[in-house]
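**Student:** Residues in the sequence shown are numbered consecutively from 49, following the working numbering.
Since the hints were derived computationally from the structure, they do not count as laboratory data.
All C-beta atoms, glycine included, are put in the ideal place defined by N, C-alpha and C.
Check the hints yourself; a few may be wrong.
[What the hints assert, rightly or not] As a list, the in silico SDA-like pairs of lysine to any residue whose alpha-carbon atoms are at most 25 Å apart:
no.	residue 1	residue 2
1	LYS252	PRO88
2	LYS252	GLY265
3	LYS160	GLY115
4	LYS252	GLY193
5	LYS160	GLU208
[What the hints assert, rightly or not] Pair ranges (Cβ atoms, derived):
no.	residue 1	residue 2	range
6	ASP231	GLY64	44 to 52 Å
7	SER122	GLU208	18 to 26 Å
8	GLY265	GLU239	30 to 38 Å
9	THR140	GLU208	20 to 28 Å
10	VAL68	VAL234	30 to 38 Å
11	SER108	GLU239	31 to 39 Å
12	ALA128	VAL234	24 to 32 Å
13	PRO88	LYS160	35 to 43 Å
14	GLY265	HIS186	38 to 46 Å
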Amino acid sequence: MRIVAENLEQVYESAGRRLVVLRDIGFTIEPDEFVAIVGPSGSGKTTLLGLLAGLDRPSSGRVLLDGRDLGAMSEDERAAFRAANVGFVFQTFQLIPTLTALENVLVPLELKGNGRRADMDRARALLERVGLGERLDHYPAQLSGGEQQRVALARAFANEPAVLFADEPTGNLDAENGAAVADLLVELNRERRTTLVLVTHDPKLAARAGRVIRLEGGRIVSDTGGAGGAAPRASAEGAPAGRSAGGAVAPANRGAARGDGTPGDASVAGGTRPSDAASGPEGGAA
Numbered sequence: 049m050r051i052v053a054e055n056l057e058q059v060y061e062s063a064g065r066r067l068v069v070l071r072d073i074g075f076t077i078e079p080d081e082f083v084a085i086v087g088p089s090g091s092g093k094t095t096l097l098g099l100l101a102g103l104d105r106p107s108s109g110r111v112l113l114d115g116r117d118l119g120a121m122s123e124d125e126r127a128a129f130r131a132a133n134v135g136f137v138f139q140t141f142q143l144i145p146t147l148t149a150l151e152n153v154l155v156p157l158e159l160k161g162n163g164r165r166a167d168m169d170r171a172r173a174l175l176e177r178v179g180l181g182e183r184l185d186h187y188p189a190q191l192s193g194g195e196q197q198r199v200a201l202a203r204a205f206a207n208e209p210a211v212l213f214a215d216e217p218t219g220n221l222d223a224e225n226g227a228a229v230a231d232l233l234v235e236l237n238r239e240r241r242t243t244l245v246l247v248t249h250d251p252k253l254a255a256r257a258g259r260v261i262r263l264e265g266g267r268i269v270s271d272t273g274g275a276g277g278a279a280p281r282a283s284a285e286g287a288p289a290g291r292s293a294g295g296a297v298a299p300a301n302r303g304a305a306r307g308d309g310t311p312g313d314a315s316v317a318g319g320t321r322p323s324d325a326a327s328g329p330e331g332g333a334a
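Sequences and hints are given; from them, build the entire structure.
**Tutor:** Put into structure tokens, the structure is as follows:
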């Protein structure tokens, strides 16, 4: 799925003060690209991910997903679009604690109405693919952190999303489990040819991406890799440049779409933002 961001800015008002979290953000992500968004805490990474996924509305600018402007859709239309096309992986797993591993993976499948038998077969196959074939009937509290994140990966890929957004997918894991989850994420993404956009502080995970966008102070300061492989440059005003289609660097501010979360389905593809996604000034501190 092609993602285009244009002139994105996110501003919050707090106690009479104006806090600019993102400014002058523009780029294009091509289908099947694996893009890592990196930068220091407070640079706006999670805020940007929430805007790209349509979980938050930008103060100005827009985002297009596969040519469709989420800002032009109703809330129900956005929820349906995300459920059909978008997968999410969160740092805090976002599993439903009262459901087993199998049942957690079944949730997004049942929303599509493919039939119980087909859904069960697919959920089992996905859990076996991530190494949890023997843990189908275990609840999240009975699983390790690494196992919970593998359930979350299986759930995220359940509906074969065109794009997967991951917010610090290894952030709550130790080095061994983090590496295993990173391997699975990359392998599943490659197998299913999904556009993958992730936020990470892990330099090893970022190094596996085909393209790395670095944020500092709410601006893009570098955009390296991608189809064009061109080196980043600054705009005429000193603002960081975005990357146009094909990977070549172009002036920032090229693209489109907005959207907000849909209540009631935070744990499935197309859900509301999790507690650690951007919702205020703190959202930039990712």
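**Student:** The structure should be examined with respect to each hint, and the outcome stated for every one.
**Tutor:** Here is what the structure says about each hint:
no.	hint	result
1	LYS252 to PRO88	15 Å, holds
2	LYS252 to GLY265	23 Å, holds
3	LYS160 to GLY115	23 Å, holds
4	LYS252 to GLY193	20 Å, holds
5	LYS160 to GLU208	12 Å, holds
6	ASP231 to GLY64: 44 to 52 Å	48 Å, holds
7	SER122 to GLU208: 18 to 26 Å	25 Å, holds
8	GLY265 to GLU239: 30 to 38 Å	37 Å, holds
9	THR140 to GLU208: 20 to 28 Å	24 Å, holds
10	VAL68 to VAL234: 30 to 38 Å	34 Å, holds
11	SER108 to GLU239: 31 to 39 Å	38 Å, holds
12	ALA128 to VAL234: 24 to 32 Å	29 Å, holds
13	PRO88 to LYS160: 35 to 43 Å	39 Å, holds
14	GLY265 to HIS186: 38 to 46 Å	44 Å, holds
Consistency note: the structure conflicts with none of the earlier hints.
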